Amino acid sequence: MKSLRGVGPVQSVLWAIALVVLIVLPFTSAPFRVEQYITWMTIAVAAGGLNLLTGYNGQISVGHGALYGTGAYTVAILVTDAEWPLLPTVIAAAVVCFMVGVIIGLPALRIKGLYLALVTLAVATLFPLVIEQFSDLTGGSGGLTLTSEQLYRGSIRDRRVKWESPIDGLASDQWKYFIFLGISIVCFVVIAAIVKSRVGRSLVAIRDNETAAEVSGINVSRTKIITFGVSAGIAGIGGAMFALNKGQVNPTSFTLTLSIYLLVAVVLGGASTVIGPAIGAVIYGVFIDVIAPELPETLESATPLILGTLLVAQMLMAPSGIVGWFHDLTEKVSRRRQGGGKQDKNVDVTVTTHEVVAETDLETDPGGFHP
Amino acid sequence: MSLLEVRDLRAGYGMVEVLFGLDIDVDEGELVVVLGANGSGKTTTLRAISGMVSATGSVTYKGQEVLGKRPDQLLGMGMSHVPQGRGTINALSVVDNLRVGGISRKDSEVDSDVELWLERFPRLGERRDQLAGSMSGGEQQMLAIARAFMSKPEFLLLDEPSLGLAPLVTREVFDRLRDVTADTSTSVLLVEQNANLALQFAARGYVLEAGEIVMSGPAEELQGDEAIQKAYLGI
Amino acid sequence: MRPSRKRIWGSDAKSLSGRGPPVNNFLEILVVGIGNGATYAMLGLGLVVIYRSTGLLNFASGELAMFSTFIVWTFWNLGFPMWLAILGGMLGGFLIGVLVHKVAVSPLGDPHERPLAVVIVTIGLFLGLNGAAQLIWGTVDKRLDPWFGVSQITVGGVAIAWQKIGAVVVLFVMVLLLWALFKFTKVGLSMRAVASNSESSALCGVSVQNMLMLGWGMAAGIGTLAGVFSAPNLGLGTNLMQLTLVFGFAAIVLGGFDSILGAVVGGFVVGILSSVVPQYITVFEKMPLAPAFILILAVLLFRPQGLFGSKDVARV
Ligand SMILES: Nc1ncnc2c1ncn2[C@@H]1O[C@H](COP(=O)(O)OP(=O)(O)OP(=O)(O)O)[C@@H](O)[C@H]1O
Ligand SMILES: [Mg+2]
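Residue numbers (our numbering), protein chains in the order written: chain V, 1 to 371; chain Z, 1 to 235; chain S, 1 to 316.
Calculated from the structure, these hints are not laboratory results. Heads up, some of the hints might be wrong.
[What the hints assert, rightly or not] If you want the footprint, here are the derived chain S segments under chain V, 3+ residues with CB under 8 Å:
| id | segment |
| --- | --- |
| 1 | 106-116 |
| 2 | 121-131 |
| 3 | 240-252 |
| 4 | 279-290 |
| 5 | 295-302 |
Predicted, not measured: the structure shown is a model, and the values here were computed from it. For glycine and all other residues, C-beta sits at the position ideal for the given N, C-alpha and C.
Given these sequences and hints, build the entire structure.
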């Protein structure tokens, strides 16, 4: 994505289409589908948060599923045990996860690159076990169902939380959809604002060369820790939405697999592009929820295989993801239109991302990738 | 016909061109030096000859076109390359470095040759089990040269052996080099910045500036040249 | 009762989970830990071999081991003797490892220059291998008999399964073979040379790509054994090695990423810790992984090269 000011005609059209689709979708889909769309949103938000950390700041986390899970459990516990109203719990989840993120961010100051990936992988693996260990609070492997005191047949009882639509003609799933769509959009606007700001440029500077960033006056440690916190907080909002959407949390929802899929969404859509993770999350959702169930049974169980193969192939052939690829394409077209002369001097942060994944010591190829 | 004939050699990295058509000859038994300042393309020249960067033009070795061949194929033809920064294998001991040098050989005398080179370079002999990474710069340079000789080369590409060495140490390295090349009648293409010293040992020299040969001739002639003296000898 | 408990634990969960008779005897817990430690060390050895030859942390190595253990099971199920089935599985693992390196890993370049790409590609392999195994062998756990049978001997009142003794012996044989390979053979010398300085090695005529491929193949072959020793306890399913992978990583973090001796010592320490600690510290009761995790964190923070690793490996 280019900065809003610089949105080209192609992008504007795409945005308009996306907006229309997002609004129309809940009215043309069955309720169970709408629930799935919401799940995709939760993944998109969490992946957006992860992208801030891994894509822009270069700190690889294979453990964001655990933060998503922490957000989900925060909501479940606050709603069920502390009788909180629903939406404020989302903010609480963000705050709790921010703090957890800062705590994880501290050791990450010294542990970098592949080793940070290793540690966060261990966090992801550990999380479901921690949930089981503290079953008094978390309900252990049985999980927690979100309940609240509701008036039911004349008496107050603990019942599963519900989303009553206050608007006539809007079903409860559609109401829920728009609330969560709103939260997701707010999250992405915040992410975009961070990325476009000076802070965003410091993140990229730190990723590209920590020492140089330090020398140019960026407080590297503080920036990295806060990035970890913010990224975790956003992932926590994703998890909070998940809990509110399902009305139920369970340790099996927050395994290593979830962390992996968050990373897949980021990379597939385009690491260090604002909207990439959302696109990655939707593609992943369509693949798992829409396409896979339609496939003959043998092919359906092949979905992880297909996904894994895609991922490796993409990394080798189009490492900057769908958005990066699209961007290269439009760039090429517009340059050809302008007679190939003008170079975009004012390079957007998000455009300069290929080098995250496409640098070689020999033969730096401006095409962005090497054989 | 020369042992090595380089004609119109062009090479670069990605979009950046570094060499703009070099002609270089090395005769049998000769030590030839290419002089040049930092970034003039000396290392790139050697890398292009030994197939480590892609290049165009022609490089014939023993009358055979070798451009595009891999380093291990060239090794089989008797050409050995000592890279800049010495390229010792730091996690291996001195002896193991030498054994790696002889790894492409099929004969059974590798182990006795290792001993031979440890004798020729006594400073290595004293440190046979020390890890290469923990040795001094001069020792590492000698190790790199000795290792290159382990493949029984007829022709050596040598990249800036004086780099980072004190003048006395550099002289020692060159002395050793002259002895062993004479003993083994090996031809050498040397690239150097230390013109003063290199020209004392070389038969002929070329001067490389920004990827082009700007001067060439017998070593004494270059030593006497005023421009060279100004630019490289600091006289 | 939680039916999935055996999966959540490391090897030999049953004897510790409280489902069987409570184990109070410290020595018996220790024996369990040593047995588990041997499998962690085996997986760790594979990780070390790959790290030494390519500088890469292979997040897919557990899944590679799982996959080749299924190959072992297939041969065994066809009626081959166990040792032959294992050889077949190791060979299969070797070939897959070679293929993986050639197709997916070597195009990446220096792994420490592009850590995200390495993580993504190995995770892609993780998903791919897991999916392929599900596709071929289904989602129902298979039963693989213990290589060394189910009988045990009693030494000083402590019962020790032959399978555990077998694991330790196999581990030591493997270490001995690796040590000899690296110490005495031309191939081993070439592999070490490539790991330390691939450019210089290429100039000396070492075929770098072949050595890296060999490293991947060997690592996958060794990992097979870790799978073979884990499967009888855990049940052979596609999740077989997911926890063991973290234990294996803990082992090599502790021992040092490039140290064979370190993988062995680290494996045993992690195995013993994760059996003993949860017995005495109730907070860890259901998560033997936690002590291993704390170990990973502490070592990476305060002694990144581990106990036996070389300093220049500590690029943390
Ligand atoms: N791997 C590379 N990628 C891109 N450019 C390179 C690379 N290596 C060298 N160059 C460029 O090529 C030019 C020539 O470099 P080269 O290493 O051949 O110089 P040199 O004469 O050996 O210098 P020195 O005396 O410092 O070793 C330099 O401008 C350098 O920046
Ligand atoms: Mg040079």
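Inset, instruction - Confirm or reject the coverage of the segment 279-290 of chain S by chain V under the rule of 3 or more residues with a beta carbon closer than 8 Å to the chain's beta carbons. - result: Result for this restraint: holds, n = 7.
Inset, instruction - Closer than 8 Å, Cβ to Cβ, for at least three residues: run that test on the segment 121-131 of chain S against chain V and report holds or violated. - result: Our answer is that it holds, as 10 residues pass the Cβ test (under 8 Å) against chain V, meeting three.
Legend entry - Within 8 Å of chain V's CB atoms, at least three CB atoms from the segment 295-302 of chain S: coverage verdict: holds (count 4)
Inset, instruction - Take the segment 240-252 of chain S, compare each residue's beta carbon with every beta carbon of chain V, and decide whether three or more fall closer than 8 Å. - result: Three-residue rule met by the segment 240-252 of chain S, so holds; n is 5.
Inset, instruction - Closer than 8 Å, Cβ to Cβ, for at least three residues: run that test on the segment 106-116 of chain S against chain V and report holds or violated. - result: holds (count 10)
Figure legend: structure checked against the earlier numbered hints; every hint is met.
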